[in-house]
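Just so you know, the protein sequences line up as chains E and B, in that order. To get the numbering used here, take the position in the first sequence, counting from 1, and add 258. To get the numbering used here, take the position in the second sequence, counting from 1, and add 223.
None of these hints come from the bench; they were simulated from the model. Here a beta-carbon is modelled for each residue, glycine too, at the ideal position from N, C-alpha and C. Treat the hints with care, since some could be wrong.
To be clear about the criterion: a stretch of chain B counts as covered by chain E if any three or more of its residues have a C-beta under 8 Å from a C-beta of chain E, and this derived list gives those stretches [stated by the list, open to error]:
no.	region
1	323-332
2	384-394
3	473-484
4	513-527
Reference listing, derived: stretches of chain E covered by chain B, where coverage requires no fewer than 3 residues with Cβ under 8 Å from a Cβ of chain B [claimed, not checked]:
no.	region
5	326-335
6	361-373
7	409-416
8	560-567
9	570-576
10	636-643
Counterexamples of contact, computed for chain B against chain E with all Cβ distances above 12 Å [stated by the list, open to error]:
no.	residue
11	H429
12	V465
13	K639
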Amino acid sequence: MRITIFGNHRRLVSTAALGTLLCIAAAAPVRAGMADAVKAQTLPNGLHVLVLENHKAPLATFNVFYRVGSRNEQFGKTGLSHLCEHLMFKGTKKLGPEEFSQIIQQHGGEDNAFTEEDFTDYFETINKDHLDVPITLEADRMANFEPKDFDKEKHVVLEERRLRTDDNPEDALDEMVRAQAFVAHPYHWPVIGWFHDVDGLTLADAMAYHKIYYSPQNALIVAVGDFNGDQVLKEISEAFGGIKNGAKPPAVTEVEPAQEGTRHVEMQHAANLPAFEEGYHVPNLASADSFPLEIASEILSDGQSSRLYKKLVVEKQMVVDIGAGYDMTTFDPNLFVVSAQMRPGVTAAATEAEVEKEIAAMRDTPVGEEELQKAKNLEQAQFVFGQDSVMREAEMLGVYQMLGDYHLVDKYIDGIDKVTAADVQRVMKTYLVASNMTEGVLVPTGVLPHGGEGISSGELR
Amino acid sequence: MRGAVNRMKMLAGGAAMAAFVFAATPSHALDITKMTLSNGATLLVSEQHQLPMVTVMVEFDAGTRRDPKGKEGLAELTARCLSQGTKELTAPEFDQKVDFMGSEVGVATERDYSTAGMTTLTKYQDDTLKLLAGILTEPGLRDADIERKRAEQVAEIKAAEEQPGYTADVEFVKDLFGDSPYGHPGAGYSDSVAKISDDDVRGFYHDHYKLGGAIIAVAGDVKADEVKVSLEKELAGLTGTVAPQAEPPPIAVPPGLHVKLIDRDVAQANIIMGSGGVARSNPDFYRLKVMNYILGGGGFSSRLVKIVRSEHGLAYSVDSGFEPGKFQGAFTIGLQTKNQSSNQAIDLILQQIREIQEKPVSDAELDGAKKYLVGSFPLNIERQSAIASFMIQVEFYGLGLDYADQYPKLIGSVTKDEVLAVAKKYLHPDAMIVVAVANQSDAKIKTAQMEKAADGASAQ
Chain E
259 MRITIFGNHR RLVSTAALGT LLCIAAAAPV RAGMADAVKA QTLPNGLHVL VLENHKAPLA
319 TFNVFYRVGS RNEQFGKTGL SHLCEHLMFK GTKKLGPEEF SQIIQQHGGE DNAFTEEDFT
379 DYFETINKDH LDVPITLEAD RMANFEPKDF DKEKHVVLEE RRLRTDDNPE DALDEMVRAQ
439 AFVAHPYHWP VIGWFHDVDG LTLADAMAYH KIYYSPQNAL IVAVGDFNGD QVLKEISEAF
499 GGIKNGAKPP AVTEVEPAQE GTRHVEMQHA ANLPAFEEGY HVPNLASADS FPLEIASEIL
559 SDGQSSRLYK KLVVEKQMVV DIGAGYDMTT FDPNLFVVSA QMRPGVTAAA TEAEVEKEIA
619 AMRDTPVGEE ELQKAKNLEQ AQFVFGQDSV MREAEMLGVY QMLGDYHLVD KYIDGIDKVT
679 AADVQRVMKT YLVASNMTEG VLVPTGVLPH GGEGISSGEL R
Chain B
224 MRGAVNRMKM LAGGAAMAAF VFAATPSHAL DITKMTLSNG ATLLVSEQHQ LPMVTVMVEF
284 DAGTRRDPKG KEGLAELTAR CLSQGTKELT APEFDQKVDF MGSEVGVATE RDYSTAGMTT
344 LTKYQDDTLK LLAGILTEPG LRDADIERKR AEQVAEIKAA EEQPGYTADV EFVKDLFGDS
404 PYGHPGAGYS DSVAKISDDD VRGFYHDHYK LGGAIIAVAG DVKADEVKVS LEKELAGLTG
464 TVAPQAEPPP IAVPPGLHVK LIDRDVAQAN IIMGSGGVAR SNPDFYRLKV MNYILGGGGF
524 SSRLVKIVRS EHGLAYSVDS GFEPGKFQGA FTIGLQTKNQ SSNQAIDLIL QQIREIQEKP
584 VSDAELDGAK KYLVGSFPLN IERQSAIASF MIQVEFYGLG LDYADQYPKL IGSVTKDEVL
644 AVAKKYLHPD AMIVVAVANQ SDAKIKTAQM EKAADGASAQ
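Put together the whole structure using the sequences plus the hints.
And the structure:
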């Protein structure tokens, strides 16, 4: 789950067909051998810096990652990481509210930020000649955080929660499934935080949080673009080298106990169609099972020839959409998710039974060689397509470095290539079993149909 | 992968976003080679050799503005059916071939045109192009596939209607554009799609998927002359042209703020308000671009965000925009705010519209808008898909192959007086359509009738 500081602009429905269903981007891994081209440096204050030259287009991207997300929060103070992200735009000892973004825009650049469970990423994409601008500004808000208008911004965040979650059936369901799947681990609560928690956060909470987590030793800088890497390393070192550390952030020590039996959650929500989401506990990159799990998700739902699409969308025609998702790069073990939205008149139970047949088939029988090769080919192609954006390259380098080593990027395709049919069958048998599943069902209470009752017209004042 | 979805849909989504690209501006020229195929199609090629991949987009005069009255959604359904295999290959056979190469092939609609597209590794470009050409020249269009895609589209519309913002948009578009070609959602309505017959789909394909006068854009690891030979071989059979469509009459919103209130159990009011905008060919386009950036298009640099979001904490997202097309588009302002803040937010927005009509913008605002609009161009043509859609727009709207060089001058020459003049001419705070999907008993949006009723009650 990723929450951004600033939403995308709307488009009218007459121009974009069904945007809500069609626009989701997946982060593919990046170019082969790219890690060798990276220049890495650790400043004396512990700040890690990675720079990579990419001369494809005359621009550059500058990212500051902080190893802080909802995973670092406590019960009663959920949403603090995301609120802190918002406050990073509300001024410093030198700058007023939103001046950061305004200065970037005045240089023809764009900036944004997002918070996830594991980390927060601030980034600017800008003409290569103006890279000094984000470098200076990011150093300023790391060292001189002094947000204004705290209460106003908290209300903005509450509006964001209403928009993203409360009035969005699928997001609301996802929140409930995760809260049920994780009992002890902080992945239990949503990145944006529970409404009442966010409402109760104070400026003092945010200042203390920033002091602990927004220090050089807890940050990582990644710059990719059309520049001279040595020169950029030098500029970064000059801007950030003098920033001091506070105390070391506390480690996240919670471990989710093993799940023993299926868990169910039901949610009633204003919606037209039933939906379900199934989450299975799975390991991350630290386990050899991660690559087979990635291949399993490809076989289940990548492309129209994938098993779930073919069975549920084409053959049985039960769902509007179905997908399986796995992210091996989470800091702690997370969920392998299968979710779908039903066609009118189809129940979640009937659909889940069909999905279970498909999953059982992969537990019982090894996948064929051609199907395995197709999944690997899809991964390879997406690996190349993913390099078409400097932003995506920077993000992947950052994520792997936070997991321990950016060189892991180069081992991705190797890891995928080595997966065998027996590996896929093993992970299906180990993880995609009922006793390890949390199942959430959305029961639609209906929304008023277009042109129906509940519409009134008049003149505004 | 984070956020697993079907890849075909991602491709469709990518193409659907295309209309945004020309919102930004070039700061350096893009090398484009322009040629003509024997069937009359214009071919634009931008060689990009940094990565072993190729993107092809083919534009057809088959956008949603071509939907017949009562069969709204036909263009979209036709696009979806086209990717269901060829005369030779069934849909599953076709999908298997595409996926085995890791390629992406699909057809997507926009308001003004549809685009058939592919992205592939260079080593599979010939095989992927054959598949793309197959669905365009000899599509399967089998009854069973059309039946399935029709039911799917109806279900997707019902799913979309769960989003308050989608419902608000649909009602706004209907009220503003009325019977004109832009007056319906691109996907159609659930009842209009249900009425589309198999032969409607085959007829729409037959009438609108013609390459004479169409545009083909290629960005990627290719040689321009070689790709021309392949396209000639694969697509030359698609001949003929599409009859032009009559331009609709200008949009006229009568004086007054015409409110449509849709009652729903939601935490937030979803409000959209606006009036008629401009066609892409309107020479005021660049002045409006600058004015709108200052009013509500420029994110944290815009007045609406500063006032409604930053100063009052009323919304996460608030913005304004023109959506110019082949025909006159809309001007809209949209926001979401908790039900109870609806009246306050509407007041603040009306105040900002009046303000930019009454007083010239500041030098700093004008300068900032120009610097952003000109400087941010390369950001928007980084990826191959963005370069391809940019080329299609340049050609479709007749902007000229040197558009990248011209844009800084067109934006740079806009003056404060011109910004004031276009604000006066194109913004109508006293004549707008307002749609609000909200919990109406909490929102209590004040309409003239209600005020009159309230006045009447207090007078008695």
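A quick look at each hint next to the structure:
no. : hint    : in the structure
1   : 323-332 : holds (count 6)
2   : 384-394 : holds (count 10)
3   : 473-484 : holds (count 6)
4   : 513-527 : holds (count 5)
5   : 326-335 : violated (count 0)
6   : 361-373 : holds (count 6)
7   : 409-416 : holds (count 8)
8   : 560-567 : holds (count 6)
9   : 570-576 : holds (count 3)
10  : 636-643 : holds (count 7)
11  : H429    : holds (22 Å)
12  : V465    : holds (20 Å)
13  : K639    : holds (17 Å)
The earlier numbered hint that this structure contradicts is number 5, and it is the only one.
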